[in-house]
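Line order of the protein sequences matches chains U and Z. Using our numbering, the letters of the first sequence correspond one by one to residues 1 to 147. Using our numbering, the letters of the second sequence correspond one by one to residues 1 to 255.
If you are wondering where the hints come from, they were derived from the structure by calculation, not from laboratory data. Errors might be hidden in some of the hints.
Mimicking BS3-like on lysine-lysine, the simulated pairs with C-alpha atoms at most 25 Å apart in a straight line are [unchecked claim]:
no., chain 1, residue 1, chain 2, residue 2
1, Z, Lys-67, U, Lys-35
2, U, Lys-37, U, Lys-128
3, U, Lys-72, Z, Lys-111
Label pairs and their in silico Cβ distance ranges [claimed, not checked]:
no., chain 1, residue 1, chain 2, residue 2, range
4, U, Ala-43, Z, Glu-173, 26 to 34 Å
5, U, Asp-113, Z, Glu-50, 47 to 55 Å
6, Z, Gly-152, U, Ala-86, 13 to 21 Å
7, U, Lys-128, Z, Gly-245, 45 to 53 Å
8, Z, Gln-231, U, Gly-123, 49 to 57 Å
9, U, Ala-86, Z, Lys-163, 35 to 43 Å
10, Z, Ser-56, U, Arg-27, 36 to 44 Å
11, U, Ala-125, Z, Gln-231, 28 to 36 Å
12, Z, Pro-49, U, Ala-109, 52 to 60 Å
13, Z, Thr-108, U, Ala-86, 16 to 24 Å
Don't be surprised by glycine CBs; every beta carbon is placed ideally from N, CA and C.
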Amino acid sequence: MCRRLVLALLLLLAPAAAAAQDGDAGRVPLPTIVKGKGEACVADTDYMRRNHMTELDHQRDETMHRGVRTRKFSLKECVACHATPAATGGYASINAPGQFCRSCHDYAAVTIDCFQCHAARPGEADTKRAGAFSRTAGELRQESEVQ
Amino acid sequence: MTGRTPQQGFDPRRRRFLSAAAAAAGVTLAPGVTFYGVTAAGSAAARAPEDPVTSSVRWGLLVDVNKCREGCNACVTACVEENGLRGNGRPETDAQWIRKVELRDPSTGAKRSLPLMCQHCASPPCVDVCPTGASFKRADGIVLVDKHICIGCRYCMLACPYKARSFIHEVVEDQKPYAPRGKGTVESCTFCVHRVDEGRTPACVEACAEAGGDAMTFGDLNDPDSRISKQVAAYVTDQIRPDLGLDPGVRYRNL
């Protein structure tokens with residue numbers, strides 16, 4: 001009786017398991033997250049994943065209209081920190097397939113308009129100080145102590 | 001193009017008097033002890049990155065036409081390099097933020113050569129006509145285009161009497177990180193706003209000095225102690241088309 005039940009269960013589950021395997025193979029690959037320079041991003045990863053667009057949108061208006069040039073949520077700083085050196089020298093476009101911005105946006109099927117106008121490669125001056133604005137290990141420790 | 005410009009509505013002398021009076025008032029901390037605040041108006045370096053621009057500063061540019069050499073293109077080259085204005089070899093449609101204009105008086109043959117760019121008007125017509133609010137004047141007098149909300153209608157290009165604006169017809173690549181530019185939007189001279197916010201002068205002004213011309217002076221028109229204010233006060237200077245009442249921030253001497 002017991003053996004028959006197990007057999008029935010196996011028969012039932014086998015096609016489902018096979019389908020799951022097939023599905024994974026045909027799916028869009030998970031994004032490859034390129035780690036930025038420095039210890040940690042300007043805010044927690046969970047927060048940045050959900051809210052980076054809102055912060056960038058806010059910063060853009062502040063900088064454009066009021067001349068506020070803080071670097072915390074500046075797009076230029078994102079690019080400077082997360083762009084990776086290209087094999088041919090210089091930096092790869094952060095908007096190229098597989099790069100930091102594009103890899104997630106491709107996965108989520110959301111187009112990026114930023115780089116129609118904005119530079120997708122960091123400038124020389126920006127790469128020198130890249131990561132300087134990220135949080136240090138000490139700051140992270142302090143934050144976790146507060147929590 | 002000769003004759004003094006009528007001041008329309010805004011009188012800088014009145015503002016200077018009022019601010020001087022306010023400074024003189026000071027704060028009395030104790031009998032006989034008065035604290036006079038240190039004003040940093042006019043010094044862009046004094047503004048912290050998190051502080052917004054204020055109307056206590058009005059950026060202006062003075063061009064001494066006598067010192068501007070015919071055939072010298074240093075300011076234009078510097079602008080192209082600084083802002084990444086690489087064209088497509090099509091001068092009719094390529095972006096042009098600053099250009100050299102050669103003038104000749106047909107009756108005498110006298111020649112004049114001068115740079116012409118966005119005049120950063122106090123009452124900019126491009127801002128008046130913009131249907132989306134993309135064309136705007138910053139508090140410190142710099143006229144800009146917010147390309148995030150520009151729809152590329154080009155109404156501002158028609159309204160500008162100085163022909164200062166360009167429309168981007170083709171896809172732009174490899175922009176400078178501090179000067180975003182893209183297809184389908186209008187753009188013009190920004191007074192190198194990214195440099196001004198760092199306390200530096202525009203690229204054209206720097207290049208002119210390096211080329212030995214020293215024809216351009218950039219500074220705060222609201223600060224009576226700035227080099228530009230002293231020159232504007234000491235010499236007769238002209239605004240182009242003063243009859244339009246736009247009060248441009250760019251002035252010309254010896255025109």
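So the hint says 45 to 53 Å: do the beta-carbon atoms of U:Lys-128 and Z:Gly-245 match that? Check passed, 47 Å falls within 45 to 53 Å.
Cβ separation of Z:Thr-108 and U:Ala-86, checked against the hinted range 16 to 24 Å: Given range 16 to 24 Å: violated, Cβ gap about 59 Å.
Should the hint that U:Ala-125 and Z:Gln-231 are 28 to 36 Å apart at their CB atoms be regarded as holding? 32 Å, holds
Lying within 26 to 34 Å: is that true of the beta-carbon distance U:Ala-43 to Z:Glu-173? Given range 26 to 34 Å: holds, Cβ gap about 31 Å.
Does the Cβ-Cβ separation between Z:Ser-56 and U:Arg-27 fall within 36 to 44 Å? With Cβ atoms ~58 Å apart, the hint is violated.
Lying within 52 to 60 Å: is that true of the beta-carbon distance Z:Pro-49 to U:Ala-109? For Z:Pro-49 and U:Ala-109 the Cβ distance comes to about 36 Å; the hint is violated.
Note whether the CB distance of Z:Gly-152 and U:Ala-86 lies within 13 to 21 Å or breaks it. Violated, since Z:Gly-152 and U:Ala-86 (Cβ atoms, about 32 Å apart) do not stay within the stated range.
Supplied distance hint 35 to 43 Å, evaluated on CB atoms of U:Ala-86 and Z:Lys-163: 40 Å, holds
Keeping to a limit of 25 Å between CA atoms, is the pair of U:Lys-37 and U:Lys-128 held or broken? Holds - the C-alpha atoms of U:Lys-128 and U:Lys-37 are around 11 Å apart, at most 25 Å.
Verify the proposed pairing of U:Lys-72 with Z:Lys-111, using a straight-line Cα cut of 25 Å. This hinted pair is violated, its Cα atoms lying about 51 Å apart.
Outcome of range test on Cβ distance (U:Asp-113, Z:Glu-50; 47 to 55 Å): 27 Å, violated
Restraint check for Z:Lys-67 with U:Lys-35, where alpha carbons must lie at most 25 Å apart: 53 Å, violated
Consistency with the previously given hints fails for numbers 1, 3, 5, 6, 8, 10, 12 and 13, ordered from lowest to highest.
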